[in-house]
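Undergrad: Residues per chain, in single letters:
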Amino acid sequence: MASLSERRYFSVFKDESKLDINYVPPSLPHREQQFNFLNHFFRFAVESPGKMAQRVLITGKIGTGKTVLSQRFGINIMREAQEKGINLHYVHINCRECKGSPFQILQRTILEFYPHFPRRGYSAEDLLKMLMEILDEQNAYLILAMDELDALIHSAGSDPIYSLTRVQEGRLGAPQRLSLLCILRQPEHLDMLDPSTRSTLQRNLIQLEEYSASQLRDILNDRVALAFRSGTVSEQVFGFVADSAASEGGDARYAIELLWRAGKYADALESPMVLPEHVRKAAVSIYPVVRKDMISSLDLHEKLFLLGVARHLKQTRNAYLCMGDAEEAYGVVCEEHDEKRRGHTQLWKYVKELTALGIVETEISSAGQRGKTTLISLPKVPAIDLERELSDMLHARKK
Amino acid sequence: MPIEDVLSSKGRVRILRILTDIGELNISEIARRAGLNYTTTNQHLQALENAGLIRHKKFGRIRIFRFNEESPRARMIRKLIDSWDANK
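As they're listed, the protein sequences go chains A and B. Under the numbering used here, the first residue of the first sequence carries the number 890, and numbering increases by one thereafter. Under the numbering used here, the first residue of the second sequence carries the number 846, and numbering increases by one thereafter.
A couple of the hints might just be wrong.
[Claimed, not checked] With beta-carbon atoms standing in for the labels, derived distance ranges: (1) Trp929/B - His1284/A: 54 to 60 Å; (2) Leu1189/A - Tyr883/B: 37 to 43 Å; (3) Glu1077/A - Arg920/B: 53 to 59 Å; (4) Lys855/B - Thr1244/A: 50 to 56 Å.
Hint data in this document are derived by calculation from the structure and do not stem from the laboratory. Glycine residues also receive a C-beta, built at the ideal position from the N, C-alpha and C atoms.
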């Protein structure tokens, strides 16, 4: 038998990056019509730039292709504009990563134009004005895609979106430079906006429906060809993955992650092919809440705090832990990772954010316990799996 | 401004070198990178701008400085710094 050093490593993958959540494929099966809508709405940007500005809203559940649709559109329209000599920029900002802060959203947008723009010292209103001045100065046009708009609405309400949609009104006669592409998961969040902003956004609505099993199969077919070596994934396997994802609400991102994990299991077990058993193992290891995109977007200290919570719940085998215990467990994790611990108020904010994301649940302790404390639980994911996922992620960061 | 006045000041040369490296930068960041205080940086920037070597754009309260690409002197100084650093 070959020794470990002699053994040649075989992988079922040809190019894993094609299964990465940030990968934007050249074509989007079953989203052609919506893609055409987008092109139609923004036609003016490459035909008569400056004559008008557009606001478009894309809604759909998780994994229905909202982000990838807008990114593919952005890449294509920028290319087309470049060919025509139009200085058009498409900037994609994830509002959740910006903690729903209008300041951060605008700052990140400006950094696309001036990477060394000062990061402090002005308000969101100042930034919006500066952004318009920059666009004027560079004779540029901008399609600002605000992904996960839910986070912005949730944290800042109507005002920032109102300002963005109405910025042109104070610039009578000037070219219209800023168009918006809003991406929203839950259309109910629109109810939190004032009627005029809501009606402005709802005028051009693209609704993405969940993918069916056969549509998911087509998507996976494309990705398998790009990411896996030929003959390593049978039709039966990706049919199985597609069916599993269809039962999870037609979530293509889940399907792709499931396929990637199944491939990883196949590699780990030195199998020359991905087998249904690998898919089953992968399915057990993915809980909607611990999906990589969800926890990877958390701050370092949010991850450390969540790791503390998961460890404590794993060790005590309790359903809940109180805020004090969570802080203590977080302190230990900070020590382990050589990080200076954050104060109580900041941790309290983390708990609120993690609750809003649905990763943890909280309730106030009831009678029978002295004083009042917040009880934290992990309702949707085994603590042991969450701990492993976070540990891996934090470990990879250190490397 | 005569060339000896431009090149005899460490601060001014540092600022020119920073703008050669980075391209465009605001005053606080130039001061931080050059290790100078705000007032001194501002004075140097004004002198360099009066000499036509650099220009600035204003966005709200922010001033962003860069080399004056239209000035042959500025282009020459930039080239000098580039080749000086390339032949260390």
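Undergrad: All hints, please: hold or fail.
TA: Tested hints:
A hinted range of 54 to 60 Å is violated for the C-beta pair Trp929/B and His1284/A, which are about 44 Å apart. One distance hint, 37 to 43 Å for the beta-carbon pair Leu1189/A and Tyr883/B, is violated here, with the actual separation near 32 Å. Under the hint 53 to 59 Å, the C-beta atoms of Glu1077/A and Arg920/B, about 58 Å apart, fit the expected range. Range check, Lys855/B to Thr1244/A: Cβ separation about 55 Å, and the 50 to 56 Å hint holds.
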